[in-house]
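Work the whole structure out from these sequences, hints included.
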Amino acid sequence: MIYLENFKLIDEELDSHIVQKIKNAHTKDELFPLGFFAKKKLTRVDFDRITIFYGGNGSGKSTLLNLVAERLNLMRHADNTLTGGFYDYADNCDVKMKKVLGESRLLTSEDVFKNIFETRSKNTSIADRKKELDEEFDYSSNDFMFDGFENSHLISKKQVKRSFVSKNVSSKERQYSNGENALRFFKGEMQKKSLYLLDEPENSMSPKYQIELKKFLEGLAYANDCQLVIATHSPFILALKDAKIYSLDDTPVSVQKWYELQNIRLYYKFFSENSDLFEIEDWDGKLKKVKGKK
2 MIYLENFKLI
12 DEELDSHIVQ
22 KIKNAHTKDE
32 LFPLGFFAKK
42 KLTRVDFDRI
52 TIFYGGNGSG
62 KSTLLNLVAE
72 RLNLMRHADN
82 TLTGGFYDYA
92 DNCDVKMKKV
102 LGESRLLTSE
112 DVFKNIFETR
122 SKNTSIADRK
132 KELDEEFDYS
142 SNDFMFDGFE
152 NSHLISKKQV
162 KRSFVSKNVS
172 SKERQYSNGE
182 NALRFFKGEM
192 QKKSLYLLDE
202 PENSMSPKYQ
212 IELKKFLEGL
222 AYANDCQLVI
232 ATHSPFILAL
242 KDAKIYSLDD
252 TPVSVQKWYE
262 LQNIRLYYKF
272 FSENSDLFEI
282 EDWDGKLKKV
292 KGKK
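So the sequence shown is numbered by our numbering: it starts at 2 and just counts up by one.
There may be inaccurate statements among the hints.
PhoX-like, lysine-lysine: derived pairs with alpha carbons at most 25 Å apart [what the hints assert, rightly or not]: (1) 99 - 115; (2) 9 - 40; (3) 29 - 41; (4) 242 - 209; (5) 188 - 100; (6) 194 - 216; (7) 115 - 215; (8) 115 - 188; (9) 270 - 99; (10) 115 - 22; (11) 245 - 99; (12) 245 - 40; (13) 97 - 41; (14) 22 - 41; (15) 216 - 188; (16) 40 - 258; (17) 193 - 99; (18) 245 - 97; (19) 242 - 188; (20) 258 - 245; (21) 115 - 97; (22) 24 - 9; (23) 97 - 40; (24) 29 - 9; (25) 193 - 97; (26) 9 - 194; (27) 245 - 194.
By construction, these hints were calculated from the structure, which means they are not laboratory data.
Shown next as structure tokens:
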């Protein structure tokens, strides 16, 4: 399902009135991204079921994603702290979109890290509280009542303490790896029939979990009527099925297949040059080299 059809950015040459209005309202430091995408000759983005903004650091992929999110007034976990010029720029962009049935939102890698840190902080607080209750029990209980008894009574005291602590403090949340936490976060946040903007969702994920995320996102897009717009440079996420990829490294910005992108070609060249190291008969967790290969 395609909810977001297209997004038109400000063309400085065609709409000088808007450009001048923004320039007059803000200092030079607050004008970004005014003129940035025009120099890349990007004036319009047409969206598919999965659309990806690709590029290196400073290419504008996250900025473009945030412009779309701001213009659509999408829900987000963290407050946006961009400049006044950014908001004025976003307000003057045009968007064509159908009604979305679900809860559309922007999800960022910062949201994932925040979720991980909050869980760790909560577990640390629980551990500190348990320690306090242990000390409180030891201080307030009549130890002489347990002295001189058999070992079974000492165990009974430990059981009483355990019961006392468990009744007065909640249990810790299960700890997962960062990659597992990130995948669980996205699965918990994303539902059917919605538009989702994802800013570098692969951060904190190993290749294993990036591949699992890829499968999950494809399921959302092609089996659950979701539309996805993603800013990424992960080769695994770039390989999402039938994704439309805007390469912001190019001027003018171009639409390419994931295997045509320069950085992906560099990966391919590197592994091709070392292909003999990877040639194996099968894979069961141990490397088995093909006979005759060094």
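Against the structure, the hints:
no. : hint      : result
1   : 99 - 115  : 32 Å, violated
2   : 9 - 40    : 15 Å, holds
3   : 29 - 41   : 20 Å, holds
4   : 242 - 209 : 18 Å, holds
5   : 188 - 100 : 23 Å, holds
6   : 194 - 216 : 17 Å, holds
7   : 115 - 215 : 22 Å, holds
8   : 115 - 188 : 16 Å, holds
9   : 270 - 99  : 42 Å, violated
10  : 115 - 22  : 37 Å, violated
11  : 245 - 99  : 19 Å, holds
12  : 245 - 40  : 22 Å, holds
13  : 97 - 41   : 22 Å, holds
14  : 22 - 41   : 22 Å, holds
15  : 216 - 188 : 12 Å, holds
16  : 40 - 258  : 23 Å, holds
17  : 193 - 99  : 16 Å, holds
18  : 245 - 97  : 18 Å, holds
19  : 242 - 188 : 19 Å, holds
20  : 258 - 245 : 7 Å, holds
21  : 115 - 97  : 32 Å, violated
22  : 24 - 9    : 19 Å, holds
23  : 97 - 40   : 23 Å, holds
24  : 29 - 9    : 23 Å, holds
25  : 193 - 97  : 21 Å, holds
26  : 9 - 194   : 24 Å, holds
27  : 245 - 194 : 19 Å, holds
Checked against the numbered hints above, the structure breaks hints 1, 9, 10 and 21 and satisfies the rest.
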